[in-house]
Structure formats: structure tokens, C-alpha cells
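Number of protein chains: 2
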Amino acid sequence: MLPFARISVIGLGLIGSSILRAVRESMPTVALTGHDADPAVRARVVTLGLADDVADSAGAAVIDADLVILCVPPGAIGAVGRAIAEDVPADCVVSDVGSAKAGVLAELVAALPGRAVVPAHPVAGTEHSGPDAGFASLFRGRWCIVTPPAGADEAAVARVCAFWERLGSQVERMDAAHHDRVLAVTSHLPHLIAYTIVGTASDLEEVTASEVIKYSAGGFRDFTRIASSDPTMWRDVFLANRDAVLEMLQRFTEDLTMLQRAIRWGEGDTLFDLFSRTRAVRRSIVEQGQDDPAPDFGRRH
Amino acid sequence: MLPFARISVIGLGLIGSSILRAVRESMPTVALTGHDADPAVRARVVTLGLADDVADSAGAAVIDADLVILCVPPGAIGAVGRAIAEDVPADCVVSDVGSAKAGVLAELVAALPGRAVVPAHPVAGTEHSGPDAGFASLFRGRWCIVTPPAGADEAAVARVCAFWERLGSQVERMDAAHHDRVLAVTSHLPHLIAYTIVGTASDLEEVTASEVIKYSAGGFRDFTRIASSDPTMWRDVFLANRDAVLEMLQRFTEDLTMLQRAIRWGEGDTLFDLFSRTRAVRRSIVEQGQDDPAPDFGRRH
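Going down the list, the sequences are from chains A and B. Sequence positions in the first sequence follow full-length UniProt numbering and run 1 to 301. Sequence positions in the second sequence follow full-length UniProt numbering and run 1 to 301.
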């Protein structure tokens with residue numbers, strides 16, 4: 001049995017459009033409605049034929065849905081929740097896909113009193129944005145973390161879990177606050193660092209921009225991929241998960257300061273010990289199928 | 001005409017063994033000799049059939065060479081230079097492949113008086129180590145930076161440049177000190193940051209190691225690839241290029257502190273401006289063929 005029959009996706013970028021494609025492929029009888037605040041994106045989704053109907057307002061898009069998934073940046077979640085509140089059917093489940101959960105959960109619960117709110121976070125994506133960047137297999141083999149509030153409707157939670165499993169994901173349930181701390185270290189801090197280092201490299205006077213680009217294969221280019229992710233979404237993620245990000249950043253800075261001191265004083269053993277330890281983490285990630293074991297991400301040589 | 005006829009490679013790991021393979025493929029008539037300090041590595045190279053002769057000592061490996069390439073960690077360069085000094089033929093060119101050049105150049109010039117020393121740095125590699133990790137096409141389409149000392153024998157410099165072009169590289173000549181500043185930002189700082197963040201993530205108490213690994217697709221896994229590079233080599237690189245690394249690290253820390261403050265005070269515009277700027281750098285790297293344009297490094301989904 002299908003967990004939902006009439007799904008509405010609000011926000012039709014990389015994630016939203018990938019959900020439309022994945023539902024079409026794995027649950028072809030589901031009725032799909034979509035809306036995006038940008039008329040150009042709406043027109044593109046019509047052209048691509050990703051939904052049965054693309055509505056001109058969020059409210060019109062959700063009016064007949066049994067699942068609404070908000071795929072907008074975290075900073076827009078509250079406003080969109082309030083905008084659809086009148087039109088969301090009473091028995092409809094409302095979810096999202098954002099990378100910061102505790103604040104978003106509180107905003108959605110406040111905006112949609114009496115509705116089943118079951119936030120979710122598919123840990124999947126690429127550095128590209130927009131409806132053309134999406135693809136049906138994006139969530140396959142990836143984790144999706146579901147963070148229902150205390151006292152959630154368990155039937156609604158089970159249906160959201162079943163939905164993500166149908167898209168090929170492995171589902172894990174987690175407290176929203178704990179999710180935000182885990183993602184602060186596995187995703188938000190890496191993005192902040194990558195954005196910073198790409199900025200630092202661009203600002204050097206005596207090393208030219210063309211040199212930075214030419215010799216980027218030594219490590220820098222990997223950071224530029226991460227640092228080309230959607231700016232609006234990432235701004236909102238850092239603001240929405242401020243406390244956990246600042247705490248992880250503080251730990252990172254302490255560790256970096258220790259290495260800085262080791263380099264300054266020529267303490268090779270301190271460096272060697274850390275550099276040996278980090279190899280084991282990589283091995284586990286590859287063993288657990290969370291990354292490609294091909295050298296250099298399988299880049300062509 | 002071949003730039004060299006009898007090439008000796010000292011250090012037979014990822015880079016050294018890739019040079020042997022690449023020479024075999026592109027210049028099959030060249031006589032290849034090799035040596036590695038580790039007997040197991042020597043035996044493996046014999047089994048793989050990568051050289052005409054694998055010598056038991058560095059001196060014996062270079063005795064008949066017209067090009068010697070030292071592919072050992074920067075910290076071992078001086079000792080290896082002194083070890084082969086007696087046996088390097090008078091007209092032989094000595095080069096290396098290290099990622100830090102000014103200190104290495106001074107050590108080699110001191111160890112090998114009267115010989116033509118022409119250091120080089122192929123900006124290529126993977127996170128894997130050892131003779132089995134090498135492959136012939138590693139240097140193809142990548143940059144190789146040649147950093148001869150002031151007053152170098154120009155004929156020797158031209159031959160080293162021609163050698164790397166035969167392996168498929170694009171060659172650029174640079175002052176050793178400038179090279180070290182460029183690589184500090186495009187390679188050394190990214191590696192230091194990656195090692196740090198992987199260490200920070202491993203040390204958290206309330207987020208388990210299994211959670212870090214499970215949800216690593218959100219960005220963290222890319223850092224683990226870089227942080228699984230050879231620990232000995234990277235320890236030596238940081239110690240050998242201390243001043244430039246510390247300076248770049250200082251700039252990075254300043255920039256990170258500014259972002260930290262922006263997150264703390266909710267200054268979204270500061271974040272958005274940087275995040276938009278860094279996208280352009282990525283675009284240039286892809287346009288100039290220095291990285292794979294496929295989303296997510298072309299990882300399978």
C-alpha cells in the first residue's frame with residue numbers, strides 16, 4: 001500500500017524536483033502537485049513535466065494533499081507554513097527536507113496547529129541547484145533522518161518513514177536537537193570551512209587567482225565543490241543552527257590552534273599521530289558504502 | 001629525442017611508481033632503475049615489473065643514471081641526497097617531486113655540489129599510497145611546477161621540462177619561495193583543515209563515531225578523503241613549509257572568525273555575500289579542466 005496518494009511539494013529546486021522525479025519513478029500512481037515562489041522555476045517544472053499540476057500559490061498546491069513536503073530554505077519555512085495553514089487539509093501530514101531541524105520543527109508546529117508535523121532530512125544532495133539539477137536516484141542508498149516532535153502521531157511518523165524507504169533511503173529517527181548537533185559536525189562545519197578557505201584563497205594579493213585555479217588539484221578544488229552549494233540555503237542553515245555550529249566551530253578552532261603550535265615548534269609526532277588516526281575514519285566511511293572507494297573520487301586521469 | 005636515457009627513481013610509492021609506469025608507457029626505450037628504503041616495497045616493484053633493475057641501495061640505483069628523481073618525503077630528502085652524493089654521475093640531473101620546494105632545494109644543492117639540481121613538483125596524486133596505488137596516467141593533463149635555483153644550468157632545466165611534458169603534464173617554471181606560498185594555499189592549508197576537522201569529529205562525546213560515518217554524505221566525507229593521505233609525507237610538508245603555512249593559516253583564521261561573528265549576530269548578508277563569491281571560483285576551476293564538472297564528483301547515486 002502506498003503511504004500517501006496525493007503529494008504536494010513546495011519549493012522545486014534540487015531537492016524538491018528530485019522528490020517529484022523519484023515519486024514518479026517509484027510510485028507512479030501518486031498525484032503530484034508543486035509550487036515554487038519563482039515563476040521561472042514553475043514554468044521550467046511544467047516544461048519538464050515533473051508534476052501533474054504546478055499551482056500559482058502554495059495554498060492552491062496543498063489544498064487536496066495528504067502529504068506536503070516543504071523544500072524551501074530554512075529561513076522561509078515559517079512564512080510558508082503560515083501561508084498554507086488555511087489550506088492544508090486536517091488529515092494531511094506536513095514535512096520538510098531541511099538540514100536544521102529544531103527551530104524549523106517549532107516554527108511548523110506553531111504555524112500549523114492540530115496538523116501532523118513530521119520533519120525529515122534526506123542526507124543527500126549535490127553542489128548544483130534548481131529544477132534541472134534534480135534526479136530520481138538522489139536519495140537511493142542515502143540516509144533520511146526523521147525528527148518528529150514529542151507526542152507525534154505515530155501513524156503519521158510511520159507513513160513518512162515508509163515514504164522515504166520507497167524512494168530508496170534508509171530511515172533513522174532522531175531527536176531534533178541531537179540531529180542538529182550531528183549535522184553541525186558532519187555537514188554544516190565542513191561547509192563553513194570550505195566557504196572560508198575558498199574566500200581566503202581569493203583574497204591573497206601575492207598569489208594570483210589564476211594560480212589558485214591552476215594548481216587547485218592539490219586539494220583546494222575539493223573544497224570549491226562544497227563551497228559552490230546554494231548560498232541562500234546555506235546562509236539559512238547557519239542562522240537556523242547557530243548554537244550547534246558555534247560550538248563545533250569552537251572545538252575545531254581549538255584543535256587547529258594545537259596543530260598550528262605543533263607546526264610552529266616542529267613537533268612532528270603530534271602531526272603524525274593525528275594524520276594516522278584520520279585514515280581510519282576514511283576507511284570506515286568507504287566500508288559502510290557512504291563514499292566511493294575509487295581513488296580521487298574516481299576522477300578520470 | 002628523449003630528454004633522458006637512464007632514469008633512476010628513489011622512493012617507489014604512489015608518485016615514484018607512477019613515474020616508472022608513465023616512463024615505460026611514453027618512453028619505452030629508457031632504462032629504469034629504482035630503489036626504496038623498504039625491502040617489501042622493493043620486492044613488490046620487482047613483482048610488478050615496473051623497473052629494469054631494483055637496487056638494494058640508493059647509491060647503486062643512481063650510479064649509471066642521467067636523471068635521478070627523489071620521490072621520498074621532504075624530511076628524508078637531505079639524507080638521501082647525501083647518501084647518493086658519491087655515486088651520482090657528474091653530468092646527471094637530480095630532481096624531486098615534493099610539495100615544498102625552497103628548503104628541499106637548499107638541502108639538495110648543499111648535498112650535491114657541482115651537480116645540476118632541478119626540483120619539480122607534479123601537482124597530482126590521490127589519497128592512496130604505495131607502489132600498487134600508482135598508475136601511468138596520473139600526471140596527464142596536470143601541472144608540473146619546476147623550481148630551479150638561480151643560475152641553474154638552463155640545458156638541464158629544459159630537459160626536466162621536456163621530461164614532464166612527455167608524461168603528459170603542462171609545465172610551469174616558478175621561484176621556489178613563490179611555489180611554496182601558492183601551494184600553501186591550494187594544497188597544504190586544505191590538507192591541514194581536513195585533517196583537523198576529521199580529528200575534531202572523532203573526538204566528540206555526544207555524537208558517536210558511527211553517526212559521523214553514517215551521515216558523512218553531507219560534506220564530511222569529502223574531507224576524509226583528503227585526510228587519508230600519507231601521514232609521513234604530510235607531516236614533512238608542514239614542517240618543510242612552516243612559514244608559508246602559518247601565514248595562510250593566520251589569514252584563514254581571521255576570515256573564519258569573521259564568519260563566526262556573523263553567525264553569532266545573525267548577519268545573514270555577510271554569509272550570503274561570501275557564499276555567492278565562492279561559486280565563481282568553482283566555475284573557473286571546472287572551466288579550466290582542473291576538476292570534474294559532474295555533480296558530486298560524478299559519484300554514483
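Simulated from the structure, these hints should not be mistaken for laboratory data. Quick caveat, the model's predicted, so the values are computed rather than measured. Be aware that one or more of the hints could be misleading.
To be verified - To be clear about the criterion: a stretch of chain B counts as covered by chain A if any three or more of its residues have a C-beta under 8 Å from a C-beta of chain A, and this derived list gives those stretches: (1) 18-32; (2) 287-299.
To be verified - Reference excerpt, derived from the structure (chain A facing chain B, CB under 8 Å, subset only): (3) V30; (4) A43; (5) V46; (6) L48; (7) S276; (8) D296.
We put the beta carbon where it would ideally sit given N, CA and C, even for glycine.
Hints versus structure:
Coverage of the stretch 18-32 of chain B by chain A is violated [criterion: at least 3 residues with CB-CB distance below 8 Å; count 0]. Interface restraint, the stretch 287-299 of chain B with chain A: holds (9 residues with C-beta to C-beta distance below 8 Å; minimum three). A distance limit of 8 Å between C-beta atoms decides the matter here; for V30 of chain A the minimum to chain B is near 21 Å, and the interface restraint is violated. Checking A43 of chain A against chain B by beta carbon gives a least distance of about 23 Å; that is not within 8 Å, so the hint is violated.
Interface restraint check for V46 of chain A: the shortest CB-CB distance to chain B comes to about 23 Å, outside 8 Å, so the restraint is violated. Checking L48 of chain A against chain B: minimum C-beta separation of about 17 Å lies over 8 Å; hint violated. At about 5 Å, the closest approach between the beta carbon of S276 of chain A and any beta carbon in chain B falls short of 8 Å, and the interface hint on this residue holds. For D296 of chain A, the interface hint holds, the least distance from its beta-carbon to any beta-carbon of chain B being 4 Å, beneath 8 Å.
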